[in-house]
Structure formats: C-alpha cells, structure tokens
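Colleague: The chain contents come next:
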Amino acid sequence: MKEKVTIKYLILIYWTFFFLTGVIDKIVPDVYPFWVGADFYTLFIKLFASLDIKNPIYATITLTGVSLIEVMTFVCYLFALFSLFRKDENSSDQWFYRGVSLSILLFSLFTVGDQVFGDRFTLLEHSIFWIILVVSWVLFRHNSLMGDQSFQLLITREAKIGLIVGIALVIIISYINFGFSKNTYANKFKPVHGEEVVEGIYKFDFPFLADKRTLENTIRSFEIHHPELEINYLYTGPNELNTKKKTHMLLYVFTEEKSMEVNGFF
Amino acid sequence: MLGSLCSCFCRLFNRMINLDVEKTTKIKANRNLIRYLILIFWALFWLFNVLDKLVGGAHYLFVGKDRFAQIQRYFDSIGLGNPMVTNFMLMFTTALESFALVCFLGALYHLQRKNIESNRAWFFIGIVVTLTTYTFFSIGDQIFGDHSELLEHALFWFIALLSWIIYHRSNQFNISARFSVSKKSIYLFAAFTIIIGSFTSISIFRHNQIAFKERTQAVQAKRISANKYKIEFPFLAGSSAFERTIAKFKEQHADLRINYIYTAPKPMRLGQSDGLIIYIQTEEK
Numbered sequence: 132m133k134e135k136v137t138i139k140y141l142i143l144i145y146w147t148f149f150f151l152t153g154v155i156d157k158i159v160p161d162v163y164p165f166w167v168g169a170d171f172y173t174l175f176i177k178l179f180a181s182l183d184i185k186n187p188i189y190a191t192i193t194l195t196g197v198s199l200i201e202v203m204t205f206v207c208y209l210f211a212l213f214s215l216f217r218k219d220e221n222s223s224d225q226w227f228y229r230g231v232s233l234s235i236l237l238f239s240l241f242t243v244g245d246q247v248f249g250d251r252f253t254l255l256e257h258s259i260f261w262i263i264l265v266v267s268w269v270l271f272r273h274n275s276l277m278g279d280q281s282f283q284l285l286i287t288r289e290a291k292i293g294l295i296v297g298i299a300l301v302i303i304i305s306y307i308n309f310g311f312s313k314n315t316y317a318n319k320f321k322p323v324h325g326e327e328v329v330e331g332i333y334k335f336d337f338p339f340l341a342d343k344r345t346l347e348n349t350i351r352s353f354e355i356h357h358p359e360l361e362i363n364y365l366y367t368g369p370n371e372l373n374t375k376k377k378t379h380m381l382l383y384v385f386t387e388e389k390s391m392e393v394n395g396f397f
Numbered sequence: 015m016l017g018s019l020c021s022c023f024c025r026l027f028n029r030m031i032n033l034d035v036e037k038t039t040k041i042k043a044n045r046n047l048i049r050y051l052i053l054i055f056w057a058l059f060w061l062f063n064v065l066d067k068l069v070g071g072a073h074y075l076f077v078g079k080d081r082f083a084q085i086q087r088y089f090d091s092i093g094l095g096n097p098m099v100t101n102f103m104l105m106f107t108t109a110l111e112s113f114a115l116v117c118f119l120g121a122l123y124h125l126q127r128k129n130i131e132s133n134r135a136w137f138f139i140g141i142v143v144t145l146t147t148y149t150f151f152s153i154g155d156q157i158f159g160d161h162s163e164l165l166e167h168a169l170f171w172f173i174a175l176l177s178w179i180i181y182h183r184s185n186q187f188n189i190s191a192r193f194s195v196s197k198k199s200i201y202l203f204a205a206f207t208i209i210i211g212s213f214t215s216i217s218i219f220r221h222n223q224i225a226f227k228e229r230t231q232a233v234q235a236k237r238i239s240a241n242k243y244k245i246e247f248p249f250l251a252g253s254s255a256f257e258r259t260i261a262k263f264k265e266q267h268a269d270l271r272i273n274y275i276y277t278a279p280k281p282m283r284l285g286q287s288d289g290l291i292i293y294i295q296t297e298e299k
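Heads up: the sequence lines are chains Y and R, in that order. Using the numbering used here, the letters of the first sequence correspond one by one to residues 132 to 397. Using the numbering used here, the letters of the second sequence correspond one by one to residues 15 to 299.
Hints are computed from structural coordinates only; laboratory data are not their basis. From the three backbone atoms N, C-alpha and C, an ideal C-beta is built for every residue, glycine too.
Computed, partial: chain R to chain Y, Cβ under 10 angstroms: (1) G70; (2) V77; (3) I92; (4) G95; (5) P97; (6) N101; (7) G159; (8) H161; (9) A168; (10) F172; (11) I272; (12) N273; (13) T277; (14) L290; (15) I292.
Input sequences plus hints: build the corresponding full structure.
Modeller: Spelled out as structure tokens, the structure:
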C-alpha cells in the first residue's frame, strides 16, 4: 500500500467516526447503558433561555438543523471512505471535499453561536476543530506531493526485535495493571478512613476510584464507629486546597458531641 | 574566563548543529535536527505514557494519572462496571502505546545510523499507530460524553498528522543561515542572559523565603457581620493551611460553633488576583 493512501484512510476514518458518533449522540439524547454522550438538547435549551427565548421550539429546530448538517457531513465522509476502498481516488477526493466544506461551515456556525451566547471556551474548542479540518483538507489533497512512496510490511530482523520488545512491554505492563486493579478496585466501595485534623473535624482523602457510593459508605461507617458524635456539616475541600493532580477529593466532616437523640445523616 | 567560556560554547553549539560546513550540508544538518526533535518528542511522549501505565497510581517522584480509575469510572458510567472490562481495555491501550514507542525508538535508531528508508518506514508505522490510538480514544470520548478529552485527543491526532508532513517536508525549511552564531552575538547573549537571569533568580529565591510558609500557615479570619467571618487564603495555601486556620478560629472563638462554610465561587473573585475565599457562619454555643 502507498503511504499517501494510508494517510488518506486514517484521515477519513477519523472524521467518519467523529461525525458518526456525533450523529449517534443526537439520536440517543439521554444516558443509556453503553452510551452516555453529551446532552445537547439541554445545552441548546439553556443557551436559548439565556437569550430570553424560552419557547423550546427554537432550540429544537436549531438542534435539528445542526444534526441534519452533521448527518450530511457523515454521509460525505462515508462515501469518500467507500470510494477510496474501491480505489476510486477522484470520487473519494470529491466526497471528502464536500464533507470538509460542510464540516467547516458547521464549525463556523458554531463559533458564531458561541459568540452570541458568550461561551469563550467553546469558541476556542470549535475554532481548534475548524483549523484541524482546514489542515486535514490541505494534507488530504497535497499528501501526494510528497511522492508515491510504497509501504511494505517486511518481517526483518529489526522488525522481529521491535515486535518482541512491544509484546514484552504489553505483557509486563498488563501483569502490573491486573495486579493494580485487583489491589485497588475494592477502594471503589470501601469506606475511607477519616483523620481528626482539628478537634471535632475529620478529614477524608478520597481515592480516584471513589464515587457517590464510596461517600455514602464512608458516612455510614463513620456514624457506626462514632456513635457519640453528630455530623452537623459536610464541607468539600475546594480544588485550591488540593495538591495539584494528586488529590481526588477532600471532604471535611464537622461533628459535635451528641447531647440528645438525633437522626443519622443518611 | 568568560570570553573563553563563550567561545567554547559557540564552538560547541556550531558543532552540535553542524554549521561549519558548506551550505548544502547545512540544510541536511538542519533537516536532521528537526527530524531528531520530532522523533525525540514522540519517543519521550510514548515512553512516559507507557511508564504511567507501568507505575499506576501516585508515588514518590511520580504522580502521573490513575488510568485504571479513569477508565473504570468511564465504563461504570455506561453500565460496564466489571473491572475486567477496564483491565482488557487498558491492555489494548497499552499495546497501542507500547508499539508506538517501539516504532519511534526504531526510527530514532535508524536516523542515527543514517538508514533513510528504514527510518521512514519505522516513523510511518509509529505515526499510523499514533493516529489509530487517537481515533480510538476520540470514539470513546464521544461515547462517554467527555468533550474536553475529545478536544485534547483531536489536538494530539492533529499534531501527529502534522508531524508526519513536517518530517518529510523538512528539506524545504532552509533555516541554516539563522542558526549562525557570531562571537559578538554570543557575548551579547551571555551578558543579557546573566543580567536578566540574575534578577529573575534573586526575585524567585526572595519570594520563596517570604512566601513558602504560606503553604501551611494559618490565616486570620475577618469579621464581616454579627455571625459571619471571611478568610482569604493565599495562592500557596493547601489543606494544612485550611485545617490550621479552622483550628485557630475555633481556639480564638471558643464560644462559637461553625455551622456553615461557604466557598466564594470564581465569579465572585477579582479576576485572577484572588485565591480561595471562604465565609464561615457561626452561632453561639
């Protein structure tokens, strides 16, 4: 296979899957098993509400319009990929060009929307995708100027060494990862041990695997182990108190001695 | 002393980028310099990603990212909480990253041995594996609904694609003339670096002496109404500073009970000049 065709395949596969998953995300608007995605409906409703357009029909129509452009874009990339697979490079180039033009138009519309809704971070995100699309198109078109270099997978001595080193790395790392998983998975449900940092105030340093279930188990366990204390306040340590990326979540539990019969937190 | 040091540096720098030869060789030397830089970047990039998987979790001198926790949480969110799913996905990711590392190391080895064809082939496979890895990650990001990660992975995909093109078009970048370094320039460069560098270093060390204690030091609370107090933490403050501040507050106000802490949200702070601000609500014991 030629290098330029391989690069074309990789560019097409990326954008085909990008828009395929984008379209699926619009078809599956909520959280389901095997799919979380982003809730674009809620996002559009909130964005339009910020413009004082409360009627949901406008957000719905806009989302439908955006989705239709995404569907057309996806179909263009799919046809380009199919044409390339059938070795019809001219047709593939044409379909890719249509797909990229639609994608660039779509991201240009998004950036206009971002400015109207005042979302500067999303504006940056969409501008980055816009430039990636423009450059993808240039590289897809002008890849061939680099020469029709062929690429063959030859099993040379060095390739064998590379393969052995790669497989050895995978085996060693996977062995360590399986062990790490076995040792740490229990942290997902195991209550966290609190440390009394100030009289009546306990600190809980949650591991990265922890979620709402860990929090609930931790509070339950704390109440069982400290029946004499009443939890009167929970404070989540803000990010500024964390040691950069090392801390997942800090929780402070403010307690006081029970003076009479009280109900538990959960 | 300084003069001989500068001329020695000048010779070393010129030798490093191979400039004291004729122009055609200069172009080749610079092309290879760019190629070395691209290959070293990708080799180190994947080496540290592989190391991150090898180390797992935060340790002394290496924090990295807990990939097991991250992927497990992602799969749990789509109803695949079994850790074996995470383990096999992590194994697949490790395989992609390890082979990308091996390919870039192979390309680096062949560039050093001046085997142009082999170098091209190893680099090409490395780029193909890298692009495949980021395509795979991007699909995952859409499924898990993480659009920040999608942007990050799209950028890496783009960087890999551009790296491939620049690597093979580097012969068109004639930057050799700009690399020439005369003795006068080196003296000026050294003088500026030493003067500005000294000011910068003195300022950093001075700030370290004054500010480092803020990391753990208790902060004084200011009373803003009958039962509310404000605490403004410095940027360096960590959890120890917070705990000591609360301990100090309780000690100074033994008659009061803290019944609520409100963290001032970012929009309420003055641009980037305010650190963490908390408000404590109290009541009489």
